[in-house]
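Trainee: For the record, the sequence lines run as chains C and Y. Position 255, counted from 1, in the first sequence is what our numbering calls 317; the numbers after and before it change by one each time, with no gaps. Position 50, counted from 1, in the second sequence is what our numbering calls 108; the numbers after and before it change by one each time, with no gaps.
Hints are not guaranteed to be accurate.
[To be verified] Covered stretches of chain Y, going by a simulated chain C footprint (3 or more residues, C-beta under 8 Å):
| # | stretch |
| --- | --- |
| 1 | 158 to 167 |
| 2 | 214 to 227 |
| 3 | 322 to 336 |
These are calculated hints, taken from the structure and not from any lab test. Glycine residues also receive a C-beta, built at the ideal position from the N, C-alpha and C atoms.
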Amino acid sequence: MANLSMRVEDQSTKKVRHSSSRRYWNRRTNVAYLFLLPYILFMLAFGLGPGIYALIISFADYSSGLPRYFAAGIKNYLAVFKDSRFAFTFTNIGKFLLISVPVGIALVVLLALLLHMRPGRVASTLRTLFFIPGAAAGPAVVLLVIFMLTPQVSPFGFLLKLMGFNAFNDLITPGSLAFIFLIMGFFVGAGMWIAIQYGALEGISPEVMEAATMDGCNEWQKALYIKLPLIRPYIIYQFILIFAGNVQLFVEPQLLSNQTYIHANVPLVWSPNQLAYSFAFDLGNFGAAAALALIMLIIGLGASYLMVRWTGFFKIEN
Amino acid sequence: MLTRWFNRNVRGIGFLGSILRWVVLLIFLIYFVIPMIWLLIAPSKDTSQFSSLNSLAFGSWAQYITAWKNVFSYQNGEVFLWFRNSFFYVLSSLLVSLAIGLPAGYALAILRFPGRSLMLWLTLITMLLPASALVLPLFMELNLVHLVNTPWAVILPACFFPFGVYLTYIYYSSSLPSELLDAARVDGASEFDVFINIALPLAKPLLGLLAFICFNANWNNYFGPYVLLNDDKLFTLPVGIQTVLGSTSALQPGFNPTPGAIHFGYAEAAVAGLVMIVPVVIIFLLSQRYVVSGAFTGSVKG
């Protein structure tokens with residue numbers, strides 16, 4: 063009910079806004095460009111510029127060591143497709159996306175909603191504790207990977223043994239890698255997204271929540287029918303970033319494959335992004351590396367395009 | 059007493075629901091916290107104790123202090139210098155990126171102008187660009203203007219923060235009441251006034267969110283500074299620590315200790331990890347005060 067009346071109100075204000083926006087057209091347009099100018103300059107210098115240069119590199123020939131621009135045509139792209147590891151890495155990442163994107167988003171939203179049922183000191187303490195692993199990087203992560211996933215020395219050892227894993231290599235098998243990377247990635251990345259979704263929930267107007275309480279909603283109904291729809295833009299944003307980020311998975315497989323001292327049976331190149339690094343730094347083929355990086359970008363962009371079109375995400379709503 | 063307990067825990071959630079809620083939260087609490095407790099304890103153990111002791115048992119204070127001393131005495135305390143560098147780089151780029159990102163995100167959300175949708179797409183594209191595609195072009199670009207191996211090489215690229223612009227865009231477009239802006243415009247306020255006096259004060263929770271996200275991302279950024287800096291006096295903390303661990307550490311395969319040099323084992327690596335984590339946690343705690351303050355409480359009565 064509350065939702066419905068809100069929507070009616072929105073439409074009436076939209077009309078008012080429309081007539082006033084025409085009057086302010088020129089001035090507001092100029093102001094908009096002024097507001098955007100510094101951002102556009104930085105974008106050109108450190109985002110778009112380098113991106114376009116990467117596109118040029120993807121058509122350059124590096125076989126002599128120095129780049130010969132536009133000499134390669136689409137050879138670099140063909141080299142990527144023909145590489146024996148191409149199908150392997152993309153199958154891997156496909157499986158990983160299939161589990162990591164829905165599970166990751168669902169759990170983050172679930173945890174944010176559960177915390178937000180009782181905002182207060184407990185919720186904020188838990189939110190902080192969930193976030194702390196996100197601050198861990200480099201050496202800490204390496205240590206944690208070794209010692210959490212080795213059943214003999216892990217605090218979770220009894221649990222791992224209960225599930226039938228008695229050694230590191232029982233746990234780390236080709237079939238389980240996608241799950242292991244999900245567990246590692248969620249550990250480091252979830253806290254930030256929980257904080258973002260929680261922030262979104264805090265932004266919901268108190269009047270809406272009061273109205274829901276008056277209508278006799280319990281906390282679960284509020285979460286499902288009011289809070290969840292209202293944080294939709296943030297969930298879409300999370301989807302776009304998580305999907306594209308997970309296509310570019312690099313750190314987790316790299317950490318596991320690099321660790322010769324734990325004798326992991328993890329392939330050296332598991333994900334497409336590792337393949338890109340391998341092209342650049344093992345083979346010196348920066349052209350193919352750039353081509354592969356752009357292929358990953360296009361996959362991420364394709365997913366976000368569908369999402370944006372499907373949800374009308376870019377429309378000015380109120 | 060009992061009613062207070064009931065109100066706090068069960069009301070509106072249900073008895074079974076409360077139990078379910080706490081079971082889920084506790085499972086994830088264990089998942090997130092146990093490894094961090096382990097990391098906090100880790101410097102107290104010598105290398106053999108890592109496998110001989112119970113995983114969450116404490117080794118000794120003497121070993122704990124030794125591990126910290128080993129890290130901080132490396133090259134006469136170069137770690138302090140790296141810490142200061144990191145802090146300076148990250149804070150500068152944080153301030154600049156907010157100063158250019160907030161107006162941009164606000165304009166994308168509130169103002170209508172030709173090219174708006176294009177800007178949103180470009181923001182999205184540059185945000186999703188793989189770092190592996192950007193490193194080489196960035197290096198060549200900064201090399202061209204002779205900024206490689208200067209603090210600018212780290213600070214400037216980090217000032218471009220499309221993630222924040224996008225979040226600002228969502229924040230304003232999903233929760234800034236347009237009645238409020240229209241009211242101000244009718245009163246004769248310029249667009250600039252509206253932004254400074256209305257939109258900006260309402261962005262407090264957003265600022266908190268952006269500050270820790272930006273801080274965290276740049277604080278942990280390893281690859282960029284690693285490629286763009288080669289003077290160890292300019293290193294950031296992650297790059298510095300990685301070179302120490304790379305040259306002396308048990309974490310490196312095929313490592314042969316130099317006689318007389320400080321041996322960096324698991325305990326020292328754990329200390330290095332903790333040194334990295336503490337500032338981020340402090341920033342997070344500070345910024346969370348802003349995030350939870352009910353952005354639009356009472357701004358518009360519906």
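Trainee: Run every hint past the structure and note whether it holds.
Mentor: Outcome of the hint check:
no.: 1; hint: 158 to 167; verdict: holds (count 8)
no.: 2; hint: 214 to 227; verdict: holds (count 9)
no.: 3; hint: 322 to 336; verdict: holds (count 8)
Going through the hint list in order, the structure satisfies each hint without exception.
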